[in-house]
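Generate the whole structure from the sequences, applying the supplied hints.
Protein chains in written order, with UniProt numbering: chain A, 1 to 124; chain B, 1 to 715.
Possibly wrong hints are sitting among the right ones.
Just some of the chain B residues that point at chain A, by a computed CB distance under 8 Å [claimed, not checked]:
| no. | residue |
| --- | --- |
| 1 | 64 |
| 2 | 90 |
| 3 | 95 |
| 4 | 98 |
| 5 | 111 |
| 6 | 142 |
| 7 | 245 |
Some chain A residues judged to face chain B by a derived CB distance under 10 Å, without partners named [unchecked claim]:
| no. | residue |
| --- | --- |
| 8 | 16 |
| 9 | 50 |
| 10 | 122 |
These aren't lab readings, by the way, just hints derived from the structure by calculation. As the structure is a prediction and not an experimental result, all values here were calculated from the model. Yeah, the Cβ is synthetic: ideal placement off N, Cα and C, and Gly gets one too.
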Amino acid sequence: MEREVIEADLVLPTHLGFKKIQMYEKYPKGQARGRHRKHLKQIIQAENYQNYPPDVPNYINIESPPSMHPCKKICDITGFAAPYYDPRTNLRYANAEVFKAIRSLPNDYVQRYLALRNAAVVLR
Amino acid sequence: MPFISKIQRQTDYSRFPSSHPIVIDNGGSYFRIGWAGEANPRVIFRNIVQRPRHKITGETVTIVGDHDLALLKYFDCTRSGPRSAFDSNVVYQFEIMEYILDFGFNRLGADGSQIDHPVLITECACNPVQSRSKMAELLFESYGVPSVAFGVDAAFSYKYNQQRGICDKDGLAVCSGFSTSHVIPFVNGEPVYEACCRTNVGGYHVTDYLKQLLSLKYPNHISRLTWEKVEDLKMEHCYIAPDYASEVRLFQKGAKEAEEKTRCWQLPWTPSPALEPPSEEEIARKAALKEKQGQRLREMAEAKRSSKINELENESKKLEFLLLQLRHVPENEVRSFLSKTGYVSKQEIESAFTKTTQSLRKYKGELENEEKADLSAAEKYTLINIPDNMLTPEQVKEKKRQLFLKTTSEGRQRAKQKRFEEDLERERQNKQDEEKRLENPELYLGQLRAKHRDLSEKVEQRKRLKTNGGHSNGNNVSGGVGRGERLNAAQRERMRLLTTAAFDRGKGEDTFGYKDEDWQLYKLMSKDTEDDDEGPDEDEAELARVSSRLRDIDPTFVSRSEAGPSETSHLRPLTKEDFQILLGVERFRCPEIIFNPNLIGIDQAGLDEMAGVSIRRLPAVCQSLDERMTNSILMMGGNCLFPGMADRLEAGIRMIRPCGTPIRVMGASDPILDAWRGAAAYAAAMQFPQQTFSKVDYYEKGEDWLRQYQLRYTY
Numbered sequence: 001m002e003r004e005v006i007e008a009d010l011v012l013p014t015h016l017g018f019k020k021i022q023m024y025e026k027y028p029k030g031q032a033r034g035r036h037r038k039h040l041k042q043i044i045q046a047e048n049y050q051n052y053p054p055d056v057p058n059y060i061n062i063e064s065p066p067s068m069h070p071c072k073k074i075c076d077i078t079g080f081a082a083p084y085y086d087p088r089t090n091l092r093y094a095n096a097e098v099f100k101a102i103r104s105l106p107n108d109y110v111q112r113y114l115a116l117r118n119a120a121v122v123l124r
Numbered sequence: 001m002p003f004i005s006k007i008q009r010q011t012d013y014s015r016f017p018s019s020h021p022i023v024i025d026n027g028g029s030y031f032r033i034g035w036a037g038e039a040n041p042r043v044i045f046r047n048i049v050q051r052p053r054h055k056i057t058g059e060t061v062t063i064v065g066d067h068d069l070a071l072l073k074y075f076d077c078t079r080s081g082p083r084s085a086f087d088s089n090v091v092y093q094f095e096i097m098e099y100i101l102d103f104g105f106n107r108l109g110a111d112g113s114q115i116d117h118p119v120l121i122t123e124c125a126c127n128p129v130q131s132r133s134k135m136a137e138l139l140f141e142s143y144g145v146p147s148v149a150f151g152v153d154a155a156f157s158y159k160y161n162q163q164r165g166i167c168d169k170d171g172l173a174v175c176s177g178f179s180t181s182h183v184i185p186f187v188n189g190e191p192v193y194e195a196c197c198r199t200n201v202g203g204y205h206v207t208d209y210l211k212q213l214l215s216l217k218y219p220n221h222i223s224r225l226t227w228e229k230v231e232d233l234k235m236e237h238c239y240i241a242p243d244y245a246s247e248v249r250l251f252q253k254g255a256k257e258a259e260e261k262t263r264c265w266q267l268p269w270t271p272s273p274a275l276e277p278p279s280e281e282e283i284a285r286k287a288a289l290k291e292k293q294g295q296r297l298r299e300m301a302e303a304k305r306s307s308k309i310n311e312l313e314n315e316s317k318k319l320e321f322l323l324l325q326l327r328h329v330p331e332n333e334v335r336s337f338l339s340k341t342g343y344v345s346k347q348e349i350e351s352a353f354t355k356t357t358q359s360l361r362k363y364k365g366e367l368e369n370e371e372k373a374d375l376s377a378a379e380k381y382t383l384i385n386i387p388d389n390m391l392t393p394e395q396v397k398e399k400k401r402q403l404f405l406k407t408t409s410e411g412r413q414r415a416k417q418k419r420f421e422e423d424l425e426r427e428r429q430n431k432q433d434e435e436k437r438l439e440n441p442e443l444y445l446g447q448l449r450a451k452h453r454d455l456s457e458k459v460e461q462r463k464r465l466k467t468n469g470g471h472s473n474g475n476n477v478s479g480g481v482g483r484g485e486r487l488n489a490a491q492r493e494r495m496r497l498l499t500t501a502a503f504d505r506g507k508g509e510d511t512f513g514y515k516d517e518d519w520q521l522y523k524l525m526s527k528d529t530e531d532d533d534e535g536p537d538e539d540e541a542e543l544a545r546v547s548s549r550l551r552d553i554d555p556t557f558v559s560r561s562e563a564g565p566s567e568t569s570h571l572r573p574l575t576k577e578d579f580q581i582l583l584g585v586e587r588f589r590c591p592e593i594i595f596n597p598n599l600i601g602i603d604q605a606g607l608d609e610m611a612g613v614s615i616r617r618l619p620a621v622c623q624s625l626d627e628r629m630t631n632s633i634l635m636m637g638g639n640c641l642f643p644g645m646a647d648r649l650e651a652g653i654r655m656i657r658p659c660g661t662p663i664r665v666m667g668a669s670d671p672i673l674d675a676w677r678g679a680a681a682y683a684a685a686m687q688f689p690q691q692t693f694s695k696v697d698y699y700e701k702g703e704d705w706l707r708q709y710q711l712r713y714t715y
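Here is the structure:
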């Protein structure tokens, strides 16, 4: 290990005195560690919140409802107010110049703009 | 201001008695750890872990937090991106959590065989029991912690500010963190979780939005726009507009305030060495060089020509001599004589002779002798007029050849005539054009320009269609041909031919190819696709003619293809402006998503609406307090540091509450560190040991009890 790295104390030491079980004992090398991790969705499913009374707050209960205000439409490219949208690409645009720019965009840019709005077509 | 991590190893660990709690604020962005009762956490670092491989030794090491890039160059960081233990605001990757805790305790100076202090750790509101229990297990098993307490970071922050007198014991805590934003109402100093409200928008989303927008706008500088850099940009330049629509209108109009509000980031750039216009002598020198070269070429051509002429003269002289000799030779020796010279018959020699004389004359510069050709043609075609049956087979062959020659020469003449006529026609048209131009220059120019525009649009459209069609034909993953561009006629024809070929061959057997006529199919098809490419060429030729005309007569004309698309922009020398990144609308467009998550497609309420939702959700017994609620609204969390946030929040809440209710929005004394400070103050209080639970408790009482476990914040 290079000197500056050691001096900066960058790396986590493998053996720590205050731990009862060290990391390398818990996760021996060569074993796949990633398989049994549960993502949030699975954790929430496993919680079975529907079995509990609905007025007790839990992780899903406290989520916000959808917004009551009408959705504000802004141009995907410039951010100006956008009353129009392009039926071919589904992008919103503010005026004719932006429209010209949209029509000359390559396809993957169009998809990325749509993905910003979570409106891209995802083929899985 | 960008946060600075503090990771100095602390040396006074042994000073603290066993009962002194350690306080950990486990946040989505930063991890803060320190001792209870102190004003500031001892160790702060970014809550991420990287596991790169050392380049030389090849071992995989663990690096926690963010570090100086210069040191990281010894490691191969390509495979391992920074990983966080969080998914939204819940810890789910406990291996990473363990690395982080290791590092935190290590930097705190921990020694001894286990961590012998009670630990207070923060979590999110209504943390799922599984996450909580895994965290408790980790602390008990791996670290030997005697007792643990869990608290909500927003609550600690609110309590801390309440004790400072900034907010009342009834109020709203608006906490906007790294990945989520919460609104929690407080009644009598205790958080009311039933009315709590959470939206999954936080600082991470704002930074990500800004990064995507800038990458799409400046694809050339994409390598400069790293996550950390964009975060810095966000913290320095973004603000929240009091009203998005009016602010954006300023920019749309191009008002002067909009110019002032646009910030410009100049990337390092070196100008390319400028090509000065060549000076007088340069030009003269180049001209002289060209002259010399031209002269040299001319001389070479001359020399070639004269040598060719000499050769031809020699040749013709030889042939003449041969002919002369032939005349003198008797009949029966002709053939043997001829075989010596290499010519088969007398006529051949004669024809060769005439050919050489003709080419000689051409080289000498005389005009093509049309009449001579005609004469020789007349001589050669003598056999044509004689009907077939009177000739010998050889003569018939001869006649056929002469017929062929005659038709070709006639064709050539006709073609020449047509070309001549076309030239005349064009001359006439040009003259007419000139007259039109002279009599009305403006109108003519306008017409020409319009024609040019139309033509160029047509050409471009066809080009685009072709490339678009090519694209969709190439990326036809989903098999959709009729997505937006229909097949053009040629492709349709091909399809039709192929299907008919495959189809009408009788069922059950594929006999395509056995007959020769089948393959003619391909000739048809390829001819079809050929035609498509020929079409636009006329348009392009016309376009070229028109643009050259315009260039001659119109000094301000710049051809469309030069000014237009950006693919040719790299031919221009790169200027300073190419290396600037402008932040105009993005400055307030990105934080807008906190108030309007619809902008990035998250269908939830924004921050101001959440306050209303939260007040609505209050249980009936607390309803009377809602006036007092809005009177003390506290903003906390790193994501609420944008300038203009307080005003916007106030305006938003005013919109949804009844008229005249008192609304007071204030920011916490230190939005980022207050959670830790509140937790430290709490842990230092006397009642803290009663709120913790120990390992024994944890194993005896089981999961249900853990689910019910909540901290009591008032003491």
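Hint check:
1. 64: Cβ of residue 64 of chain B sits 6 Å from chain A, so the hint holds.
2. 90: This interface hint holds because 5 Å falls under the 8 Å limit.
3. 95: This interface hint holds because 6 Å falls under the 8 Å limit.
4. 98: Constraint on residue 98 of chain B satisfied, holds at 7 Å.
5. 111: holds, 6 Å
6. 142: holds, 5 Å
7. 245: holds, 6 Å
8. 16: Result: holds, 6 Å to nearest chain B Cβ.
9. 50: Violated - the Cβ of residue 50 of chain A stays beyond 10 Å from chain B, reaching only about 14 Å at its closest.
10. 122: violated, 12 Å
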